[in-house]
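Modelling step: build the complete structure from the supplied sequences, incorporating the hints.
Sequences listed follow chains A and B, in order.
According to numbering that gives the first Met the number 0, the residues represented by the first sequence are 0 to 200, in order.
According to numbering that gives the first Met the number 0, the residues represented by the second sequence are 0 to 169, in order.
Don't read these hints as lab results, they were simulated from the structure.
Treat each hint with caution, since some may be false.
Short derived list, chain A residues pointing at chain B, Cβ under 8 Å [unchecked claim]:
hint, residue
1, Tyr47
2, Thr133
3, Asn158
4, Asn159
5, Ser160
6, Arg161
7, Gly163
The structure displayed is predicted, hence computed values, not measured ones.
No residue lacks a Cβ here, since even glycine has one placed at the ideal position from N, Cα and C.
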Amino acid sequence: MKTIKFPLVLMCVVALLSFENPSYEVGDSVTDFKLKNVDGKMVSLSDYSDKKGAIVIFDCNTCPYSKAYNDRIIGLNDKYASKGYPVITINPNDPEISPGDSFKEMASQAKKKGYEFPYLQDESQQVARSFGATNTPHVFVLKKDGPNFRVAYIGTIDNNSRDGSVATKKYVEEAVDALLGDKSIPTTRTKAIGCGIKWKD
Amino acid sequence: MNSRKFNALIDFMSNVIVAFLLFVSLSTYAQQAEVIKFGKLHSLLEEKGEQVHIINFWATWCAPCVKELPLFEALYAKSDPRVRVTLISLDFADELNKVNAFINQRKIKSPVLLLDEIDYNSWIDRVEKSWGGAIPATLFINQQTGHRKFVDRELKEGELEKIIASLLNE
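Set out below in structure tokens:
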């Protein structure tokens, strides 16, 4: 009996491990993803292989925090795309639960605000799950490291969700500036304040 | 008119006036949210007493929060002396009028405080370390033992009572 039991236990452990959600921590390398952009074209992270990194932001149309941060997200792309850290926004909300986050509404938001960066729909929510994103907006600053992208910062954009002009800590800017200056990032992890992602049932 | 009749009339009139004033005050009374800073919330979290204190974090724009508010209101309406309910709105403070209108419209009776603290990372861990920052979120505190239970999702019907019972029976 013993010889049978042991492999059974081992199989259970392996099964448990494979079910565990491997959300990213700072330093982890990121698996490539491919999602549909609001212009209908597919965009993958590997399309950005010639960049120094990327600012991946899980975001949406409907959350008041996303609305409050919208101009600051556009500002991050304006400031850092030319320096090698473009913004990539991803909407993970289930449009069944949040109709304001449908593909059509996403396209109209991108058009209205003149997004010069992708606004991707994470229809299966697999990308949000693999990143371990929980809220919108939820930022992951990635740094190119050889063939991989590695997570350098996870969290919120700054310390004033209502008014960026009086924010005293601009976490994302400080992180990207540190990466550009080859310095260590002062704060690598904050809590991403915002609305919970609307997961499918 | 003899003095007894006069006194009876005065009594009657004063009863009418009291009833009228009571009616007016009840019909026009609506709670206003009190705007607070973290210091006040912190003292609520640390307060010692005999009750289980249920502190719910919500906002007018958060659909699942609004959906579960009647559960807290029903609990508050029971006036169970062992239970205390506080609703903490995380709406932006410049939208206080919107919060008060919401309270008025929904006739919210549980005390509502609006937490005006924009730098969430400076206080959120002091409420609960495991809190990722999304709402709804509800903290249950047994004021006697200091034991806590934290739920960072929408509560289902009957769940409040179960958690309260588990904290009361320890």
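Verification of the hints:
This hint is violated: Tyr47/A has a C-beta 27 Å from the nearest C-beta of chain B, more than the 8 Å allowed. About 5 Å separates the beta-carbon of Thr133/A from the nearest beta-carbon of chain B, less than 8 Å, and the hint is met. Annotation: interface hint on Asn158/A holds; nearest CB of chain B at approximately 4 Å, less than 8 Å. With its C-beta approaching chain B no nearer than about 5 Å, Asn159/A sits inside the 8 Å limit, and its interface hint holds.
Of the supplied interface hints, the one on Ser160/A holds, with its beta-carbon coming within about 6 Å of a beta-carbon of chain B, less than 8 Å. The beta carbon of Arg161/A is positioned within 8 Å of a beta carbon in chain B (closest approach about 5 Å), and the interface hint is therefore held. Annotation: interface hint on Gly163/A violated; nearest CB of chain B at approximately 11 Å, more than 8 Å.
Hints 1 and 7, counting from the list given before, are not met by this structure.
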